[in-house]
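Asker: One letter stands for each residue in the lines below.
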Amino acid sequence: MSTATATSRIPHRVKLNLQAIVGRAYPRVIGANREPSWIFFEAILPLLGIAAYVFIYKALATRALGVILTPTPSAPYGMCGPNPCVDAAQQALFQANSIANTNALIATVVLGGAMVAFWLNVLWSMASQLYWEKEIGNLQLYMMAPMSRMALLGGMAIGGMFMTSVRAITTLVVGILVFTVTLQLGNPLLLLGVFFVTLIALYGMGMMLASLYLLWGREAFNLSALLEEPIFFSSGFYFPVGGFARFGTVGGAMLAFATAIPATLGLDAMRQIIVPGSPSLPIPIPWSQGAYLTPDLEFGLLLVLAVMFLFLARYTLAYLEKLARREGRLTSRHQ
Amino acid sequence: MDFAIETKDLLRIFKPSRKLFKRKNPNGNGAPEGPVTALENVTTQIREGELFGLLGPNGAGKTTLIKILCTLLLPTAGHAYVAGYDVAKDPFPIREKINMVSGGETSGYGLLTTRENIWMFSQFYGVPSKVAKARIDELFKTFGLWDKRDAKVRTLSSGQRQKMNMVRGFVTDPEILFLDEPTLGLDVNASRVIRDYVMGWVRRQKGKTILLTTHYMMEADEMCDRIAIIDHGRILACDTPENLRRGIRKDTTFRLEVDTLKSTSMFTGMRGVKNFSAKNDIANNTTSLTFILEDESPVSDILSSIQSQGSKIHYLQKSEPTLEDVFISMVGRGLE
Amino acid sequence: MSSAARIHWRSFKWAAWLGWEMDSNWTEPWLFMVYSVIKPIAGAFILVLMYTVFALIGQFRDPDLFSYIYVGNAFFIFVGNTLFGTFQVIQSDREWYQTLRYTYISPISYYTYIVGRAASKVAVAALAVVITLAFGALALGVRFEINLAQLPIFAAAFVLGLFCLVSIGICLAGISFMTAKHTHGLAEGIPGIFYVFCGVLFPLTALPEWAQSVGRGIPLTYWFDLTRRLLLPPNTISTGLGFFNDYEILALLLASSLIFFLMSIGIFKLGEFLARRAGKIDMTTSY
Numbered sequence: 001m002s003t004a005t006a007t008s009r010i011p012h013r014v015k016l017n018l019q020a021i022v023g024r025a026y027p028r029v030i031g032a033n034r035e036p037s038w039i040f041f042e043a044i045l046p047l048l049g050i051a052a053y054v055f056i057y058k059a060l061a062t063r064a065l066g067v068i069l070t071p072t073p074s075a076p077y078g079m080c081g082p083n084p085c086v087d088a089a090q091q092a093l094f095q096a097n098s099i100a101n102t103n104a105l106i107a108t109v110v111l112g113g114a115m116v117a118f119w120l121n122v123l124w125s126m127a128s129q130l131y132w133e134k135e136i137g138n139l140q141l142y143m144m145a146p147m148s149r150m151a152l153l154g155g156m157a158i159g160g161m162f163m164t165s166v167r168a169i170t171t172l173v174v175g176i177l178v179f180t181v182t183l184q185l186g187n188p189l190l191l192l193g194v195f196f197v198t199l200i201a202l203y204g205m206g207m208m209l210a211s212l213y214l215l216w217g218r219e220a221f222n223l224s225a226l227l228e229e230p231i232f233f234s235s236g237f238y239f240p241v242g243g244f245a246r247f248g249t250v251g252g253a254m255l256a257f258a259t260a261i262p263a264t265l266g267l268d269a270m271r272q273i274i275v276p277g278s279p280s281l282p283i284p285i286p287w288s289q290g291a292y293l294t295p296d297l298e299f300g301l302l303l304v305l306a307v308m309f310l311f312l313a314r315y316t317l318a319y320l321e322k323l324a325r326r327e328g329r330l331t332s333r334h335q
Numbered sequence: 001m002d003f004a005i006e007t008k009d010l011l012r013i014f015k016p017s018r019k020l021f022k023r024k025n026p027n028g029n030g031a032p033e034g035p036v037t038a039l040e041n042v043t044t045q046i047r048e049g050e051l052f053g054l055l056g057p058n059g060a061g062k063t064t065l066i067k068i069l070c071t072l073l074l075p076t077a078g079h080a081y082v083a084g085y086d087v088a089k090d091p092f093p094i095r096e097k098i099n100m101v102s103g104g105e106t107s108g109y110g111l112l113t114t115r116e117n118i119w120m121f122s123q124f125y126g127v128p129s130k131v132a133k134a135r136i137d138e139l140f141k142t143f144g145l146w147d148k149r150d151a152k153v154r155t156l157s158s159g160q161r162q163k164m165n166m167v168r169g170f171v172t173d174p175e176i177l178f179l180d181e182p183t184l185g186l187d188v189n190a191s192r193v194i195r196d197y198v199m200g201w202v203r204r205q206k207g208k209t210i211l212l213t214t215h216y217m218m219e220a221d222e223m224c225d226r227i228a229i230i231d232h233g234r235i236l237a238c239d240t241p242e243n244l245r246r247g248i249r250k251d252t253t254f255r256l257e258v259d260t261l262k263s264t265s266m267f268t269g270m271r272g273v274k275n276f277s278a279k280n281d282i283a284n285n286t287t288s289l290t291f292i293l294e295d296e297s298p299v300s301d302i303l304s305s306i307q308s309q310g311s312k313i314h315y316l317q318k319s320e321p322t323l324e325d326v327f328i329s330m331v332g333r334g335l336e
Numbered sequence: 001m002s003s004a005a006r007i008h009w010r011s012f013k014w015a016a017w018l019g020w021e022m023d024s025n026w027t028e029p030w031l032f033m034v035y036s037v038i039k040p041i042a043g044a045f046i047l048v049l050m051y052t053v054f055a056l057i058g059q060f061r062d063p064d065l066f067s068y069i070y071v072g073n074a075f076f077i078f079v080g081n082t083l084f085g086t087f088q089v090i091q092s093d094r095e096w097y098q099t100l101r102y103t104y105i106s107p108i109s110y111y112t113y114i115v116g117r118a119a120s121k122v123a124v125a126a127l128a129v130v131i132t133l134a135f136g137a138l139a140l141g142v143r144f145e146i147n148l149a150q151l152p153i154f155a156a157a158f159v160l161g162l163f164c165l166v167s168i169g170i171c172l173a174g175i176s177f178m179t180a181k182h183t184h185g186l187a188e189g190i191p192g193i194f195y196v197f198c199g200v201l202f203p204l205t206a207l208p209e210w211a212q213s214v215g216r217g218i219p220l221t222y223w224f225d226l227t228r229r230l231l232l233p234p235n236t237i238s239t240g241l242g243f244f245n246d247y248e249i250l251a252l253l254l255a256s257s258l259i260f261f262l263m264s265i266g267i268f269k270l271g272e273f274l275a276r277r278a279g280k281i282d283m284t285t286s287y
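Chains as they are written, first to last, in the working numbering: chain U, 1 to 335; chain L, 1 to 336; chain D, 1 to 287.
Some clues are possibly wrong.
[Stated by the list, open to error] Below are the DSS-like pairs computed for lysine-lysine, each with C-alpha atoms no more than 27 angstroms apart in a straight line: (1) L:K208 / L:K141; (2) U:K15 / L:K97; (3) L:K97 / U:K322; (4) U:K15 / L:K89; (5) L:K8 / L:K89; (6) U:K15 / L:K133; (7) U:K322 / L:K8; (8) L:K89 / L:K141.
[What the hints assert, rightly or not] Quick look at which bits of chain D chain U covers, simulated, 3 or more residues with Cβ under 8 angstroms: (9) 36-50; (10) 195-207.
[As the list claims (entries may be wrong)] Computed list of chain U residues with no C-beta within reach of chain L, every gap over 12 angstroms: (11) T62; (12) A100; (13) L189.
No lab work stands behind these hints: they were computed from the structure.
All C-beta atoms in this analysis are idealised placements derived from N, C-alpha and C, irrespective of residue type, glycine included.
With the sequences and hints as input, model every part of the structure.
Answerer: Spelled out as C-alpha cells, the structure:
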C-alpha cells in the first residue's frame, strides 16, 4: 500500500473504530437499563455489604469511646490509649480524635465500596467478557469484523464504566448521607484526574486480562472469582492500605504487589485528597519508614500504569488472537 | 483471472489444547488426546460473482474451511486468499469485504431489540448509521421480520433468529459472503425465502460472491453455480451440478426398497458395484438402497444377496443420476 | 423407600455429584482445595487489617470484639457458600450452561435438585471454616473455650443453621426464576443483608433500633449468637440477646428455621409458577 493510500485510510479507520466503540458500548448502556431489577441487585444490595464494614468501625468506635469516657477508680478521666487520661482536656482531645478517626475510616469504606463496583466490573464484565462472548457465539463475529480489537474492548470498557458509575455514585451518595461522612474537596482537579486515570488504568488492566482469558476456558470464571477478595484485601478497599507497613517485610511485600493494581494507588490518593483528618495511613516509601507517597506522585504512577496496561492489552490481544487463531480457540465453546 | 477465493494445498491440523490448569481426566480415559487432520491439501478457486457450494457430511471439514477463509482460524500449512489477500498475513483488508452467517447461531444480546442487534454489528463494519438503519428496515421486510423489529432477541423463535442472522450477514453489503448451513432447521417457507434472496443477491449485483455449505442436496443443486464435494478434509470433486451428474451418467443408478437388512457388507467390493448407500427406515421396517453400478450386470447378484437374507423387495427402479448419487459415488455413503 | 422418597434421593444424589464435578473438575483436587480456602482467608484478612488499622490509629485494642468479629466472619463462609450454591443454580444452568430446560422437565424434584447442587459448596465451606478458625487460634491469638458438655447443643445449632441457610437459599432461587442474570449482585448483596442485620461482624446493639428488630426476625442472628456463645470465652460485649439462655436461643432458631422452610416451599413454587406463566423458565439475559 502506498503512503498516500495509507494516509487516506487513517480517517476511515478512526471513524470505523469510533463507530465500533459506540456500537459495543450501546448494549451495555441500553441493555442494562432495560432490566429494572438490575438497579436493585447491582446498586442497592451491595450497599449492605458496605454498611457491614461501616458498622464494624462504628462498633469498635463505640467501645473505644466508652473506655475513653468511662471513669474508673484508677482512671478518673477515662483511658487515653493504653494509659489513663491525665485530665479532662486530654480526655476531650482523645474523644475528638476518636470521632475524627472513625469518620475517616468510614469515609475510607464508603470510597472503597464505590470503587469496588469498578473492580468487580473489570473482573466480570471485562476480563471474563471475551470468554463469555465466545460462549454465546459473538466472539467469532467480532473477530472477523474489520474494526480494531482495542475498539471492541474500549466499547466494552466505556459501556461498563457507564453502568458501573450508577452503582458507584449510589454507594457514594447513600454512604455519605446515611453514615453522615464528612469529606473535604481541597483539590478537585487532582481528584478528578486521579479518578479518571485510575479508571483508565483499571480498565486497561481489564483489557489485558480479557486477552489472557481468551486462552482459558472455564478456568476464567474461577480465576475471576479468585481475584475478588484477595484484591479487596491487598488494595485496601476497606482500610487505609498504609496499614500494611506495620506488618514488616510481609506487609511491605504486600504493598509492593498492591501498588501494581491501579485501585490501590487511586484509592490511596483519593482518600488523601478528600478524607479530612490525620489518620489516613498513606502508602509509605520505603515501605517501613516515614516518608509517604503523595497524591501527586500516585497520580504520576497511575499515568504510567494506565499507559503500561493499555500497551500491554494491545500487544497481548494481538499476540493471543493470533495464538487463538492458530489453535482454533476463537470459536470452540464450553472448553 | 481474479478469484474471489483461492486456496492452495491448505492443511489444517487440530492439536490438543493446552490448559492453564491441568484438568482431571481430560478425555475420560486418561489417554493423551491426538491431533486431528480437518483439511488436507485443499486446493480450490472460486470466481468473483459465483455462488459456490461446499457439500459434505458432518466432520468433512466444511466449517473449518470457512473459518480459515473468514480469518478466524490459521491454516497449519498452505495458502488461502480472499479478495486477493492472504488470510494469514492480511486479515484486516479481508474483514472489510466479508461477512458470515452460520445456521443455528445464537449470537447477539438478549436484551437488545432485533434492530439494535443488527445495528450494533453494522457499526463494527463502519456502515454509516443512517444507511445501516435503512438497510435493516428493508431486509427485515424482505425476510418477513418487520413485525419483530422491536422485539427483544431473546423472544425470537429459532427460525426468526436465523432470519435475523441472515439480515446481519447482508446488512454490511459484503463482497464475499460465507453461508454455513444457513437453512439448518428452518421450515420450508423460511428456507425458500432465504434461498430466493441469496440467489437474487448474488445474481442481481456484479462482483458478489457466496460460499455456501449445506447438507441439503436439493439446495446445493438448485442454488450453486459450482459445487465441491468434500469428505475427510479432502475435496473429491469440483464442477457444476450438471457436469458432476454427467460424470456418473455412464454409470447405472438403481434404487431399491427392501425389508430391513441385517447387514449390507456383502455389497462392499461386489463385482460391478462402484458404490452404494443404505438407509434404514425403522418406522416402516425397510431399507432404502442406492447403487452406482458400472453396468446392469451386478443387479442379479444384488437381488440374490438380498433374498438370501430373507428380505422382500418392495421396489426396484433404474433412474437418472442425481447430485446425491454423485455424492454416493464419491463418498460411499449418503449425507444423512 | 417410597417412590417420592426415591425421587428426592435420586435428585439429591445426582445433583450433589453434578455440583461437585462442576465446581471442582476444572483442576486437580488439591488445587481446587487451595483455591477454595484462599477466598475466605483473604476475606478474614480484610477484617484483621481493619481491626489493626483501627487499633493503631485509635491506640485502642479490643481483643473481645476482634474475636467476636473473627468467629462471626469464619462462620459466615457457610452463609456465602450455601446461599450462592443454591440461588446461582438457576442462573448458571439457565444462562451459562443452558441446561435448565432439560433438567427442569426431567422427572426429579427440582427443589431437592437445588439442595443437592449446593451440597458440594457446603462441604468446601466447612473445610474453609475449620482452616480459618485454626488460623485465628494459631496466628492471631483468637481464644476459644469449648465445653464438651455443650457439644450436642452445638451440633443441633449447626444442623439447624445449615437447614435454615438452605431454606433461605431456596427462597432466593425462587426469586431467581423471575430475574435476569444478576449473579454477582446477588452473590455480593444477599449475604450483605445477613452481614448487616444478623450481628455477624458487630453486635446487634450497634444497629439502630429498627434494624435490631429486623435482625431478631432472622434465624441466622440466633445461630451466630449461639455459635459464638459455645466457642468463645465469656466477654464484655453486649449482643442484645443476653436475656435469652442457650436453650431459648436454640428454640428460637428451630422455630424460625421451620418458618423459613415453609416460606422456601411457597416462594419457590410461586417463582416457578410465575416464570412458567411469563415464559422465563429458560430465558437468557446477556448484555
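Asker: Each hint should be assessed against the structure and marked as holding or not.
Answerer: Here's how the hints hold up against the structure:
no.	hint	in the structure
1	L:K208 / L:K141	holds (22 angstroms)
2	U:K15 / L:K97	holds (17 angstroms)
3	L:K97 / U:K322	holds (20 angstroms)
4	U:K15 / L:K89	holds (24 angstroms)
5	L:K8 / L:K89	holds (15 angstroms)
6	U:K15 / L:K133	holds (18 angstroms)
7	U:K322 / L:K8	holds (21 angstroms)
8	L:K89 / L:K141	violated (39 angstroms)
9	36-50	holds (count 10)
10	195-207	holds (count 8)
11	T62	holds (45 angstroms)
12	A100	holds (46 angstroms)
13	L189	holds (34 angstroms)
The structure is inconsistent with hint 8 alone, although it conforms to all the rest.
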